[in-house]
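Sequence order for the protein chains is X and Z.
Taken in order, the first sequence gives residues 1 to 570; the numbers are from my numbering.
Taken in order, the second sequence gives residues 1 to 194; the numbers are from my numbering.
Please note: incorrect hints may appear among the correct ones.
With a straight-line cut-off of 25 Å between C-alpha atoms, the simulated SDA-like cross-links for lysine to any residue are [unchecked claim]:
no., chain 1, residue 1, chain 2, residue 2
1, X, K216, Z, V191
2, Z, K50, X, D208
3, Z, K76, X, D208
4, X, K568, Z, I103
5, Z, K97, Z, F61
Facing chain Z, from chain X, some residues (calculated, C-beta under 8 Å) [what the hints assert, rightly or not]:
no., residue
6, L184
7, A220
8, A225
9, G417
Here are a few chain X residues that sit away from chain Z, every Cβ distance over 10 Å (derived from the structure) [what the hints assert, rightly or not]:
no., residue
10, L207
11, Y446
12, C504
13, S512
14, P551
Calculated directly from the structure, the hints in this document are not laboratory data.
C-beta: ideal position from N, C-alpha, C; glycine also.
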Amino acid sequence: MTLLGWFQISFFFMMIVVLTKPLGLYLYHVYQKPPQIKFFRRFEILIFQICGLQKQEQDWKDYVFALILFNIIGIGVVFLIEMMQNFLPLNPQNLPTVPWDLALNTAVSFVTHTNWQAYSGETTLSYFTQMAGLTWQNFSAAATGMAAFLALARGLTHRMNQDIERTIGNFWVDLIRSILYVFLPGSFILALIYVSQGVIQNFSPALDITTLEGAKQTLAMGPVASQEAIKILGTNGGGFFNANSSHPFENPTPLTNFLQMLSLILIPAALTYTYGKMARNSRHGWSLFSAMFMVAITGAVCLYYFESQPNPLLQNLPLLQDLGNLEGKEVRFGIAGSSLFGHLATITSGGPSNSMYDSFSPLGGMVLLINMLLGEVVFGGVGVGMFGMLMFVLISVFIAGLMVGRTPEYLGKKIEGKEVRFAILYVALYPLLILLGTSWSILSSYGLSSLQNAGPHGLTEILYAYTSATQNNGSAFAGLNANTLWYNLTLAIAMFIGRFLPICLGLAIAGSMVNKKIALPSAGTFPAQGMLFVGLLMAVILIIGALTFFPVLTLGPFIENIYLLQGKTF
Amino acid sequence: MNKEIMIGLRVSLFTLFLTGLVYPFMVTEISTLLFYKKGRGSLIFDEQNKIIGSELIGQDFKNPAYFFLRPSAAGKGYDGMSSGGSNLAPTSKKLLKRIQETIEKIKKDNFESIPIDLVTASGSGLDPHISPQAAYWQAPRIALKRDVSLKRVIALIDDFVEAPQFYFLGEKRVNVLKLNLVLDQFFGSPVPLP
Numbered sequence: 001m002t003l004l005g006w007f008q009i010s011f012f013f014m015m016i017v018v019l020t021k022p023l024g025l026y027l028y029h030v031y032q033k034p035p036q037i038k039f040f041r042r043f044e045i046l047i048f049q050i051c052g053l054q055k056q057e058q059d060w061k062d063y064v065f066a067l068i069l070f071n072i073i074g075i076g077v078v079f080l081i082e083m084m085q086n087f088l089p090l091n092p093q094n095l096p097t098v099p100w101d102l103a104l105n106t107a108v109s110f111v112t113h114t115n116w117q118a119y120s121g122e123t124t125l126s127y128f129t130q131m132a133g134l135t136w137q138n139f140s141a142a143a144t145g146m147a148a149f150l151a152l153a154r155g156l157t158h159r160m161n162q163d164i165e166r167t168i169g170n171f172w173v174d175l176i177r178s179i180l181y182v183f184l185p186g187s188f189i190l191a192l193i194y195v196s197q198g199v200i201q202n203f204s205p206a207l208d209i210t211t212l213e214g215a216k217q218t219l220a221m222g223p224v225a226s227q228e229a230i231k232i233l234g235t236n237g238g239g240f241f242n243a244n245s246s247h248p249f250e251n252p253t254p255l256t257n258f259l260q261m262l263s264l265i266l267i268p269a270a271l272t273y274t275y276g277k278m279a280r281n282s283r284h285g286w287s288l289f290s291a292m293f294m295v296a297i298t299g300a301v302c303l304y305y306f307e308s309q310p311n312p313l314l315q316n317l318p319l320l321q322d323l324g325n326l327e328g329k330e331v332r333f334g335i336a337g338s339s340l341f342g343h344l345a346t347i348t349s350g351g352p353s354n355s356m357y358d359s360f361s362p363l364g365g366m367v368l369l370i371n372m373l374l375g376e377v378v379f380g381g382v383g384v385g386m387f388g389m390l391m392f393v394l395i396s397v398f399i400a401g402l403m404v405g406r407t408p409e410y411l412g413k414k415i416e417g418k419e420v421r422f423a424i425l426y427v428a429l430y431p432l433l434i435l436l437g438t439s440w441s442i443l444s445s446y447g448l449s450s451l452q453n454a455g456p457h458g459l460t461e462i463l464y465a466y467t468s469a470t471q472n473n474g475s476a477f478a479g480l481n482a483n484t485l486w487y488n489l490t491l492a493i494a495m496f497i498g499r500f501l502p503i504c505l506g507l508a509i510a511g512s513m514v515n516k517k518i519a520l521p522s523a524g525t526f527p528a529q530g531m532l533f534v535g536l537l538m539a540v541i542l543i544i545g546a547l548t549f550f551p552v553l554t555l556g557p558f559i560e561n562i563y564l565l566q567g568k569t570f
Numbered sequence: 001m002n003k004e005i006m007i008g009l010r011v012s013l014f015t016l017f018l019t020g021l022v023y024p025f026m027v028t029e030i031s032t033l034l035f036y037k038k039g040r041g042s043l044i045f046d047e048q049n050k051i052i053g054s055e056l057i058g059q060d061f062k063n064p065a066y067f068f069l070r071p072s073a074a075g076k077g078y079d080g081m082s083s084g085g086s087n088l089a090p091t092s093k094k095l096l097k098r099i100q101e102t103i104e105k106i107k108k109d110n111f112e113s114i115p116i117d118l119v120t121a122s123g124s125g126l127d128p129h130i131s132p133q134a135a136y137w138q139a140p141r142i143a144l145k146r147d148v149s150l151k152r153v154i155a156l157i158d159d160f161v162e163a164p165q166f167y168f169l170g171e172k173r174v175n176v177l178k179l180n181l182v183l184d185q186f187f188g189s190p191v192p193l194p
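Take the sequences, apply the hints, and build the full model.
See the structure below:
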């Protein structure tokens, strides 16, 4: 650990605090009203006409239907593009069609915001597939997440007494506005900054070169910067290349590394403020922010500490280990830049990587795993992070209600049996999928044959894969060869259910909450802000996330760490 | 229902066109205009205008008269078409064996402890940098092989140590391809390996 490292980490977290309010305010204005500037208003109407949209409010069932419809079309189109890429333009390497199971896995993975990569970009996908297929879905999946959040937020915050509008909005409008006013301009600016630092953006075929020593080397090319920008800003995480953000053409300098980390977390953080404004209770927004912020900082500090430690197995060798655990990490980012990036990639549902998580120390890898197991709500993905957080808020309020013995209320609305049932189902779904997939895989020969690392680390590899897929994160302990029929199909199923079933449950709650009467707060009302609320919320998140998975974490990372200290190898 | 499906198709087509085609092409056009060299891969050319490599992508230096980079898990080593790390766990036998082999190969260069980056593989397998310690550690070998004074080699490395960006982002590092190019410029090309 170095002073410089600590400074980088603290500077980073300061920037989040500073930028949350301005960006949150901007997002609030984007979604609340039609644009104030006449040009944009006309432009928007034109686009709605092109899409055949008469702006109607949708009830929650129509909203869910539109959301799932759009995403299923997305899966179909991306799948077809992959299967036909040898007939499509912009394929200078003449890459063949993608095998069907890999194509399906990739299509589902990008549409569900997971961006799990069982393929390696350089040698599998043409430039056209990367752009029209994957870049498109990077935008669409991110915007879908925003829409899901907006619908739930409207359901919880609408006030019947004052507003005439009594539905949760229109999916198509939310989707298009997210792309037009948030992701497209943001990505455009970021892409240009990335190119200025050395991220490539061209359509030339791979370059065959003769190195200084006279050896042959082939350099992969492609339109990287445009995809890189939305990959990070939309917390998608699917890299252009196999090595993702550790590839020097994707992430060439410490500045691009810093901007990638910042743009990963900016929108999820800003949404806490946006939500506070929507709920007409900014302090509630800041309370949610503080809960997330505290968990996030704790994890970052632990991870930096674990990764800075030398590997005990190497202690008797003539090595100078003061730079820390550098296996799988890049020199330009160092331990601070790599561990902070890994932490942010897993607390948000982005899942990009600028280092190889499989080579992290056992406890460092466990921090990443816990980040995802907490439910991707500590900031989480764009939109879906806050979406999940609101589910935990409902559960916390419900538990508080049980403790005082009153019907729980949230923002003046009564929370009844139906909503609580849906919220509990929401949190129970993830462990079910993760543990089922993991156990089946470790009990079957086709599951185990993909392992690269033996011993407890192997268990962690499989657990990580199902966690990452179910939570739509997409990062990997990449030693596991996931490009087999078994993993391609089961992970695709996990991604699909893990994405859409929770959204359905959340929007059902939105539908039932939207028209509830507002009760005036009384002395017995549990306040949705302040330290008590933040503490309870954090406790609920940690108990559900950490305790559910405590047994399997003991068998994986914990035991591996003990073996490591004893000097046992596998 | 049917109407909704039509809307779905139209929105899909529109967003695909806008974000999948218009946006990447526009970024390409504008970035080519503004940052031509960087967008093409920060390539380095020799006098005959042939590409020697990219500033950003490491090369597999095997000749002991050049500074070595880190071990690479990309293909057979620094393969630009199969980027990736070793993905070996800290408790892996393979990792331990690989590190021991690397140490055996290079330890005769210098009897001081070897900086850790010289025996660990990077995440991309294409990392163009080593730490300043790792460069200084290799200086005696370079001086010996090229028959120049150790002082001159160290002075050269001093010039090539890049500070953290804006003094606080990232780590101190040395770009090995650039350094080796300058070695050749000052002291001539070495005898190629058989």
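Tested hints:
{"no.": "1", "hint": "K216(X) with V191(Z)", "verdict": "18 Å, holds"}
{"no.": "2", "hint": "K50(Z) with D208(X)", "verdict": "11 Å, holds"}
{"no.": "3", "hint": "K76(Z) with D208(X)", "verdict": "16 Å, holds"}
{"no.": "4", "hint": "K568(X) with I103(Z)", "verdict": "21 Å, holds"}
{"no.": "5", "hint": "K97(Z) with F61(Z)", "verdict": "21 Å, holds"}
{"no.": "6", "hint": "L184", "verdict": "7 Å, holds"}
{"no.": "7", "hint": "A220", "verdict": "6 Å, holds"}
{"no.": "8", "hint": "A225", "verdict": "6 Å, holds"}
{"no.": "9", "hint": "G417", "verdict": "31 Å, violated"}
{"no.": "10", "hint": "L207", "verdict": "6 Å, violated"}
{"no.": "11", "hint": "Y446", "verdict": "20 Å, holds"}
{"no.": "12", "hint": "C504", "verdict": "17 Å, holds"}
{"no.": "13", "hint": "S512", "verdict": "22 Å, holds"}
{"no.": "14", "hint": "P551", "verdict": "21 Å, holds"}
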